[in-house]
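S.K.: Now for the letters of each chain:
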Amino acid sequence: MSNAVAQADHHAHAHHPAQQHHFDTMPQQKEAAVLGMWVFLLTEILFFGGLFAAYMIYRVWYFEAFAEASRRLSLFWGGLNTAVLIGSSLTMAMAVRGAQTNKRTATVNWLILTMILGAVFLGVKVIEYQDKFANYEVPGATYNWMYHDERAAAAGGEHAAPAPGAAHRQLALSPGQLQRTTQIYFSLYFTMTGLHALHMIIGIGLMSVITWMAWQGKFDDQYYTPVEMSGLYWHFVDIVWIFLFPLLYLVERHQ
Amino acid sequence: MLDTLKIPGRHYLNDGHSLRSWLFTKDHKRIAIMYLMSISIMFFIGGMFAVGIRFELATPQGDFVTADTYNKFFTMHGVIMVFFFLIPSIPAVLGNFLIPPMIGAKDLAFPRINLLSLYIFWIGAAFTLYSMVVGGVDTGWTFYTPYSATASNTSVVPTAVGIFIAGFSSILTGLNFIVTIHRMRAPGMTWFRLPLFVWAHYATSLVQVLGTPVIAITLVMLGVERGLGFGIFDAARGGDPVLFQHLFWFYSHPAVYIMILPALGVQSELISTFSRKTIFGYSFVAFSSLAIAVFGFIVWAHHMFVAGISTYAAMVFSFLSFSVAIPSAVKVFNWSATLYKGSVSFDTPMLYAYGFMGLFAIGGLTGLFLATLGLDVHMHDTYFVVAHFHYIMVGGAIMGYLGGLHFWWPKMTGRMYSEFFSRVSAIMVFVGFNVTFFPQFVVGYLGMPRRYHSYPDEMQVLNVMSSAGATVLGLGYVLPVLYFLYSLRRGAVAGPNPWGASGLEWHLQSPPLTENFVEVPEVINEPYEYEHSVVKEKERV
Ligand code: HEM
Ligand SMILES: [Cu+2]
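Protein chains in written order, with this note's numbering: chain Y, 1 to 255; chain C, 1 to 541.
One or more hints might be untrue.
No more than 20 Å apart at the CA atoms, straight line, and that leaves these computed lysine to any residue pairs for SDA-like [unchecked claim]:
| no. | chain 1 | residue 1 | chain 2 | residue 2 |
| --- | --- | --- | --- | --- |
| 1 | Y | K103 | Y | W212 |
| 2 | Y | K30 | C | R185 |
| 3 | Y | K30 | C | H182 |
| 4 | C | K26 | Y | Q20 |
Now the stretches of chain Y that chain C is said to cover, found in silico as 3 or more residues with beta-carbon under 8 Å [unchecked claim]:
| no. | region |
| --- | --- |
| 5 | 18-26 |
| 6 | 34-41 |
| 7 | 46-58 |
| 8 | 129-143 |
| 9 | 188-201 |
These are calculated hints, taken from the structure and not from any lab test. Idealized CB from N, CA, C, for every residue including glycine.
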């Protein structure tokens, strides 16, 4: 070895079993994981960012069509799902707390609860998608903007209200224009919520592994990084929904 | 002397010989070697399509292949070369191998993610190669809608899926480097003692991490439009195809810096080592990498001057594009100043470095021509553009890659390659390159459009020159394969530091131990201390 390199003193203390060989200390290992996770979440922001950019442009161009199409989404299901997801962030935070404080059963239970809430969210999403398919509101060859109103009119006769409050609104758009541009809205709706749901599914998969590891007693107050990282991911997916909900469900919903 | 050197008894290459020991390795050096093999294969597949293109263009008529087949040739050439060769080239091979030893670490921060990135790369490559076997793609590597979304009847989706997947390999490499450079530096290895190669990779990683997700989502949007009939870019439903171009170039302009920044980093190492001088203006060179990464994100619409964007937007993007040239020029000036009064040598890596400087300068300056709004209206989509980006991507990025490979080959394998043949190949690459691509500036300026398989008779001379040069260039690329492989068995033993270079990696044995360092090193020197500390020529153990 040449003069440029001196040997740092080598400390020989007992290593935590979870410490990997190329790290010097547990804190170093943890800091690396945390930084890595934040960088990963940054890439996720840009991933969804492309869709948000497209949404923004088309919402400005076709505001009225977006507002009309937005009314086709159910506030009840959307609101319920928002509450479910926020609740699951709480249970997730409790799971991390459990791992930090060496409470094995609590950690496992909170994780299972989080997964259940995630599954509820996905179930509600299935119901919502089902409704869109049934009403020919999936963009593509079979898309039919008028179907929803026609069916409502046929079912309820004269008293049918096509869309809430529609009677008070003067639409500048012809049905033909709506048929075209609301497809952009629904294209974005399905791509955005679809990718969000995919992230939820990945999150649940991740969490089942973490739950199993927690059950095995792999975590303690020195080493709970995987639980914390899954938590960061889960909160991120949650936050994406917090943006999606108003952007997709609440376009001019006050009228 | 040289023949008294021995390959060390224990090193990363003989630490397990089974296929398993390679496929499940966590050693960044072995992963780098597997990347090297993978991208070399991709390079030669991409090269075959280039042969097809130049063969067709040897005559003015479209006589070798049909126009449709020709479209597939240039598309698959571009897709493979950009996404499966240039983007991973220097980072995944040289960066992977060298960043940990350069900063005094035993491995990257996430060795398993590093291996995962290689597997992801393989899966992405498999998709793309599969789509080529079942008929290929003809949209151009740019996948512009509406052609790619509806009109083309070729395998757009599998190719796009392949690129989408490979993108994650690039993201994971970048993520790993960022964390490694932040968290794994040895004691004493401060930010301003980092080799410029590491700075360049840090900047590259930022672009990979911030840009690649955008191309990923763009391909998703294209995929759902083509596959499911959604209408995000469909003009018939009020969508905007130009939005696709914005999203595409938001990644793909920065992506050209993913390709060139690492080469700029290699260049700084070569210039300093082979002129035996401290790099001139270290912090300027370091920060110019970051500046390029940042400016790279605000110039994308210079690819869309004639796509119908507003004049004001075009003027702003034209002006901003000029600004990228400033940090690029800072580098070239600083290298020149480093060479000045240095004790320069002509070893093979340095031959590549000299070539790089000239070709990068020409490529960058013609980029300014193209960034000039009024001029680009004339030159857009002509061979001038083709020549411009080949000067940077082939003349710059590949020269940098080859220069780096020749420089660190002794470190990676412990052996020297043939000095004679490597110089011959470096000269062939330089000459062949210029004969291939310089005529394309001329023929493009005369108005020959890109992406056509026939052209007017009077342009034949220049095109034949180009095809002839490509032959020399191609042979220049085959030669290293031969002498590198030969060197593995018969090459002279290199010893730890055959070039008398100053970086930390040269203090290790060649090939290094699996764990790189037995003890955590402590760094006490400034970088590139060629003048201050006595570095013995051809230093041995
Ligand atoms: C000084 C910096 C640079 C400037 C000002 C610049 C400018 C431009 C402009 C204005 C175009 C569009 C021309 C047209 O289509 O009409 C262009 C195309 C291109 N440039 Fe550059 N460039 C620079 C550096 C680079 C670098 C470093 C690379 C690659 C490593 C690169 C690769 C490309 C590619 C691939 C294209 C063509 C893309 C396509 O349409 O297929 N450029 N450049
Ligand atoms: Cu560009």
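S.K.: State for each hint whether it applies.
M.R.: Results for each hint:
{"no.": "1", "hint": "Y:K103 x Y:W212", "verdict": "holds, 14 Å"}
{"no.": "2", "hint": "Y:K30 x C:R185", "verdict": "holds, 15 Å"}
{"no.": "3", "hint": "Y:K30 x C:H182", "verdict": "holds, 13 Å"}
{"no.": "4", "hint": "C:K26 x Y:Q20", "verdict": "holds, 11 Å"}
{"no.": "5", "hint": "18-26", "verdict": "holds (count 4)"}
{"no.": "6", "hint": "34-41", "verdict": "holds (count 4)"}
{"no.": "7", "hint": "46-58", "verdict": "holds (count 10)"}
{"no.": "8", "hint": "129-143", "verdict": "holds (count 3)"}
{"no.": "9", "hint": "188-201", "verdict": "holds (count 4)"}
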